[in-house]
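There are 2 protein chains.
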Amino acid sequence: MHTPELPRLLLVEDDPALGPLIAELLAADYNVQLAADGQRGLHLALTESWDALVVDRGLPLLDGLSLVSALRRKGIGTPAIILTALGATADKIEGLDAGANDYMSKPFDAGELRARLRAMTRSFAPADPLLDVGGWLFDPANRSLRSPYGGLVGLTAKESELLALLAGHPDKVFTRAELLAGLFHAGDSPTVVDTYVHYLRKKVSKSVVRTVHGLGYQIGDAE
Amino acid sequence: MHTPELPRLLLVEDDPALGPLIAELLAADYNVQLAADGQRGLHLALTESWDALVVDRGLPLLDGLSLVSALRRKGIGTPAIILTALGATADKIEGLDAGANDYMSKPFDAGELRARLRAMTRSFAPADPLLDVGGWLFDPANRSLRSPYGGLVGLTAKESELLALLAGHPDKVFTRAELLAGLFHAGDSPTVVDTYVHYLRKKVSKSVVRTVHGLGYQIGDAE
DNA sequence: ACGGCCATTAAGAATTCTCTAAGAAATCCC
DNA sequence: GGGATTTCTTAGAGAATTCTTAATGGCCGT
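So the protein lines, in turn, are chains A and B.
The first sequence begins at 1 in my numbering and counts up one residue at a time.
The second sequence begins at 1 in my numbering and counts up one residue at a time.
Copies of one chain are not kept apart here, so a pair can be met inside one copy or by any two copies together.
Here are the simulated DSS-like cross-link-like pairs (lysine-lysine), alpha carbons at most 27 Å apart as the crow flies: (1) LYS74 x LYS203; (2) LYS202 x LYS74; (3) LYS172 x LYS202; (4) LYS172 x LYS74; (5) LYS172 x LYS158; (6) LYS172 x LYS203; (7) LYS203 x LYS158; (8) LYS206 x LYS74; (9) LYS158 x LYS202; (10) LYS158 x LYS74.
Quick caveat, the hints were computed from the structure, so don't treat them as lab data.
Sequences and hints are given; from them, build the entire structure.
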């Protein structure tokens, strides 16, 4: 069942009645994929490319707030709405500060959800899935790189995450600590980052990732 | 001693009680300007630059929806929240479709409004501040300098600190002792400062750092 | 113009930071 | 299970930065 012209929306909702219902409601505007728990949702959010996320707050395995903030820490800014049964204002604030772009309490109105999705995706630049990295085209969805001359280079998952994070914020200098926090586990050797930068540079032309001595790494207008 | 520059927020609200109240609530996070009618609001939104808009829906002279959609038609995408007394879902949908990024019903919670503003402005990347140093643009975060002709020059940590200190207080003459105390360790050779001024001048055009014979060094417009 | 002080510049040693290779541990896939 | 791939660790070579020392050149009052 493919409707490629519709934007892709990932719905993460464990309620076996509500999930399909919301999916049905949004099917008119989006190509909806449903994930039933937080870990599955996070995995899909990381490995495929989406135009919008609708995430329930209470989820098995990984709650919705953690899901969204994990994405944000990895530099993935896909617009996200958090749904919740809780109506308390403090919960809304928490959700928004976790990195969600919007927040709705159940029970909600289908028309309002659709309108909020429209408003949300409108402001975020039409998610062009291809990142230009000094002439190389990087497709985070495929984890593939096309060289300026057309050759295709495959990246591993970590290499891809690193590139996505750096390329997603051109000119920003990431410290090793930031990259370590975003891509690796606490306790990993502090030099893992260096190693992966090295791997990346072996696959991409060396000048793509610049090192700023004493600070960290950066992708941006080379000189 | 150092006042961080607050983002600028335009509040358009005609209620003489509510307007100042909201302005007060947001003053902690924003530099708030209040406009009391729609035409005044639109004029300000068009002629000055803002980081966020908070617009009441019911306004004299020009209602909030028209204000926002007028802005959008002119290609101005400043993130906007619409406030309204009406709670009906149809009104929210209308507001969002007019081009607002978010919509809140009165009475609303101050914390939620602030959280929604944070969520809304977060995605609009905050460009880090650039210092103009005699035509050169200095980016302390990247420790990089862009020459008036576009070339990019990297600075080392010490060079960058020195430049930041001098450029942060234009026209102030720093003695060597001050610079030594500010940038180096007690016991370092007294001529380190000279050396680093030399390094800077090798990278930037020589006239940027002026020496005041017998006193010290200075950056400024005086000629 | 002269002499003394001040400033500039070059060269190099010590330190700190980064790169790279090689291999061990974990994971994936057939 | 076993081979291949990916992930992470370690350690030494290599590069950049920081600071010292010393020689050269310029400013200023007399």
